[in-house]
Every structure is written in C-alpha cells, then in structure tokens.
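There are 4 protein chains.
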Amino acid sequence: MSQTEWHETQIRVRYKDTDRMGVVYYGNYLTFFEVGRTEFMRDLGLSYSSLEAEGYALAVTEAYAKYHANVDYDTKIIVKTAITNLTKVRVRFDYEVIDREENILVTGYTVHASINENKKAARIPASLRDLIEKSLK
Amino acid sequence: MSQTEWHETQIRVRYKDTDRMGVVYYGNYLTFFEVGRTEFMRDLGLSYSSLEAEGYALAVTEAYAKYHANVDYDTKIIVKTAITNLTKVRVRFDYEVIDREENILVTGYTVHASINENKKAARIPASLRDLIEKSLK
Amino acid sequence: MSQTEWHETQIRVRYKDTDRMGVVYYGNYLTFFEVGRTEFMRDLGLSYSSLEAEGYALAVTEAYAKYHANVDYDTKIIVKTAITNLTKVRVRFDYEVIDREENILVTGYTVHASINENKKAARIPASLRDLIEKSLK
Amino acid sequence: MSQTEWHETQIRVRYKDTDRMGVVYYGNYLTFFEVGRTEFMRDLGLSYSSLEAEGYALAVTEAYAKYHANVDYDTKIIVKTAITNLTKVRVRFDYEVIDREENILVTGYTVHASINENKKAARIPASLRDLIEKSLK
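Residue numbers (the working numbering), protein chains in the order written: chain A, -19 to 117; chain B, -19 to 117; chain C, -19 to 117; chain D, -19 to 117.
Pulled out of the complex, with its shape left as it was, chain A reads as follows (with noise of 0.2 Å):
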C-alpha cells in the first residue's frame, strides 16, 4: 500500500465517558476505536454486524493506545481509521483521534484475527478481502 486513507467518524464525548479527572476515561478510547472501524467497515462496503450474521467475526488479539492529549465532556472528536496491514487470516487497524483543531489526543491501533462460527481461526472471508484489498490501493 502506498499512501494510508484515512477513514474519519466523528463522536460526541457523552458524560458517561469522563471520569474524576475531568476527562475521557482511558479504557473508553477502546470504545471510539470500535466506532472507528465500525463505520469503515460500513463505508468499506460491508458492515460488520452482516460479517457477524454471515458467520463470522473479527476478534480481537492485541490493542495499544498511547495518550497525547485529554478532552472533557461534550467535545466533538473525531477518530481517523485506517488498515494498516492484511495477512490471510489478519487484519490491523490504526487509530488517530484528533479534536476539531486537529490536535492529536490518542493514537493507537488493534489487530484482529479472522474466526469462523465455531470460534476457529479462519481466512477471511474473500468479500472482505476484496474490499480491503481495494482499499489499500
């Protein structure tokens, strides 16, 4: 792949995300990621709830976020996303959420292994492929 596209959703910062510090709780950028490669994946082509309904999931292996800046209640965020790598039965995703003034707050990614119904490792499934594939490019 040569140039990462970066893929952007945007999320409002609810009350429920903050924590005593004033700010967004760290585990809840797991959370924005998730949004964030939700609505790729829909953008993509093929959601991920129909991934699932098909048989098959997505499950996560490893996630790493590193913290750069904090934002509080009710500010608008946006969580850019893109995959960044593809093996057989792999997939990585990497994170940048920004503020509207553009300064990073968190970056990070998740790696994902491709699983069938039975929970098994399992290629994945050639429609995805295609689509990331198409993607990278």
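Hints may contain errors.
Because identical chains share one entry, a pair is satisfied inside a single copy or across any pair of copies.
The calculated PhoX-like cross-link candidates involving lysine-lysine, where the alpha carbons are at most 20 Å apart (straight line), are [as the list claims (entries may be wrong)]:
id : residue 1 : residue 2
1  : K(-4)     : K114
2  : K100      : K46
3  : K114      : K68
4  : K100      : K(-4)
5  : K99       : K46
6  : K68       : K99
7  : K60       : K99
8  : K60       : K114
9  : K100      : K68
Honestly, the hints are just simulated from the structure, not real lab data.
Following the hints, put chains B, C and D in place on chain A, whose structure we already have.
Positioned in the frame of chain A, the structure of chains B, C and D alone reads:
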C-alpha cells in the same frame, strides 16, 4: 412475607465508575444492582449463571433508582438486596446502596420476567421458586 | 403545557453497549437518556456543558426505565426527549427510545435538582428557565 | 530489579462486562488493569486515592493489551500486577489476567506520567518512590 431480609454485597468504587462531577455516574448504580442480585442469588443457592445455563433468564422489565447522596472513587459501598415480590412469571428485587457509615446513597428496584431459551415468557423455574419462597418466610 | 413536544436524537448501538444476551445492557439506556437530554438542551439553546461552565448542574435525583423490547448491535435507535415538569428547583425529562420502525423499546424519566457550584440546592438559572418555559408552551 | 513480584487481585466478571459475543468486551480489560494497580498500590502502602488527595496523579500515557483467551460472565479472574520500570517521572505497570485454572487470558502494560495539581509533569512523590523501590528489590 413478614420482614425483609437484606442480603449484603460489598463493592469498591472504581475510577471507571466516576464521572467529571467526581462521583459515581448515575447509570452505574444499575450495574451495582446487578452485582447485588447476582450475589444474592448465589447465596440463595442458585447462581444466575447456572440459571442461564439451564436455558432460563430473568429479563429486566423495569428499573428505578432514587439518588440520596453521592460517593467518589475508592469508597467501599454495600449493596443490600432483597426479593420483595414474586408471581408466577415475575420477580422484584429491591436495593439499598449504603456506605460504611450507613448513609443511604441510592435506593431502587428492578422487576424481571422469566423467559425461556426461545425468549418467550415462562414460569419461573421451580428450583428457583422454591429457594425464593424459602427466603421470603 | 398542552402537548408534549418530543425532541429526537439518533444513536447507533455499539458493540460495547451489548451484553451476552445479544441486546443492549439495561443500564446503558440511562446513558442513552443522557444523550437525549444533552441534545435536547443544546437545541433548546443552552448546552448542558455551558450550564456547568457557569457553575450550575442538574443532579439526578430519580431515574426510571420500563423495558418493552430489545435491540441488538448496530441498530439505529431514536431517543425522544421532552421536559414534562418544572418547579423552582427541579426539572423532569421523559424519554421514549424507539427503533426506526417506531417500535417502542424503552420508556422512562429522570428528575433533576438544580445545584450551584457548592453543590447546594439552587433555583434553576433564569437563562435555562426561560428557554424551558418557552418550549413547554 | 531481580525478579518480578506479582500482586494478585480477584475480580468476578459482571454481566455488564460481557458483549454479544458472550465474553468480556476487549476495552473492559483496561478497567481490570485499573483495579489491579489500585489494589497493588494500596497493598504497597499508598492508595492511589490518597495520592490524588495530595495533589498528584499518574496520568496514563500508554496502554497495551494482548488477548490470549476469552472468559464469560460470572468467571472469577485474577489480575496479576507488577511495577516493571520506574524513572523520575514515569512508572510502568505490567499485568497478567488469568483464570483460576491459571490459563492466561490477557497480558499487557500501562505507562503513567506523574503530574501535579496543575496537570504539569512532576517528579514522582518521594513517598511513593520509596515504596516502589522497596518493592522492586
């Protein structure tokens, strides 16, 4: 039933439970109610997980909470739980959440309908009914 | 007030919102209520975050939810919100959560007490009261 | 430091922790890490809440988790926590989450920067440093 027998479960407030006000987020008390009734049922002699393993579930139909006082991170709180009503298909749990000085923090209740593995209304399983009735006396 | 004016906010159910039953966890509807009233207030003309910035808060004193039907991951739901009661120091919000086929999922309400920056009971600020009264007519 | 001393904390998986896959949602392990390091610090002799009461905080700068196996509702899990690195301003905690058969579920780490009440970088307070150094030996 004559007199309410309260079951007690202790919970330590996590950082994750708090919000920017520096207190437990209001919706999280419904999680504390869940912990209260889970431990109540376990001590009754039939854990909720084994009930689900048998194909039954107690789907929540109503939840109410009244907020009396707030607590912050790291506080040890006690969830008092009792079953206060039982019909063929429904059971009601009442809750009192207190701190260790016995200040009342939150009171409330949940109502649950018994459903079977097809998610249809079903009589409360006899195994559970017997244990509850014994506890109500 | 004559007729309830419902404000509508759309939410997409996240994977994080679901539980092992394959539906939204019951406590998470209180978060959806929060989103409903936040967007309601913003559209009224006074965002809740600016109210807190002025030193006021609307502390929750009661919350109630009645569960009519379940929804699973990725469903688009609509939170309908209205203010149904207003006193010198309290305000009540009512909610109806529906899906896009207008099936009622959850109904409920929350009651809030106005407090000042010392966390003492305080009259609802005039700026907010005026906007609410205008919306109630 | 010679040999890692693991501190152990037990957690019971709540219904709230699970997702539609019937296992703990991946982001919730960061909450379990929080519980692990909170109890570790308490047993070290300086609770995190008292550290914050003194005006200090350990802001998370990085978090990583590797997912080895899943667990479902009601499982008792153990969070093993150790401090594995300490500089003037940073501390790193490592985690191993296991079940009672000692199956490894999740491993990971978090890195924290010491900040003062103005949210500026600050040396780790001597009271905490002494306790950590003693534990590292």
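For which of the previously enumerated hints does the structure constitute a violation, in increasing order of number? Per hint list: 1, 4, 7 violated.
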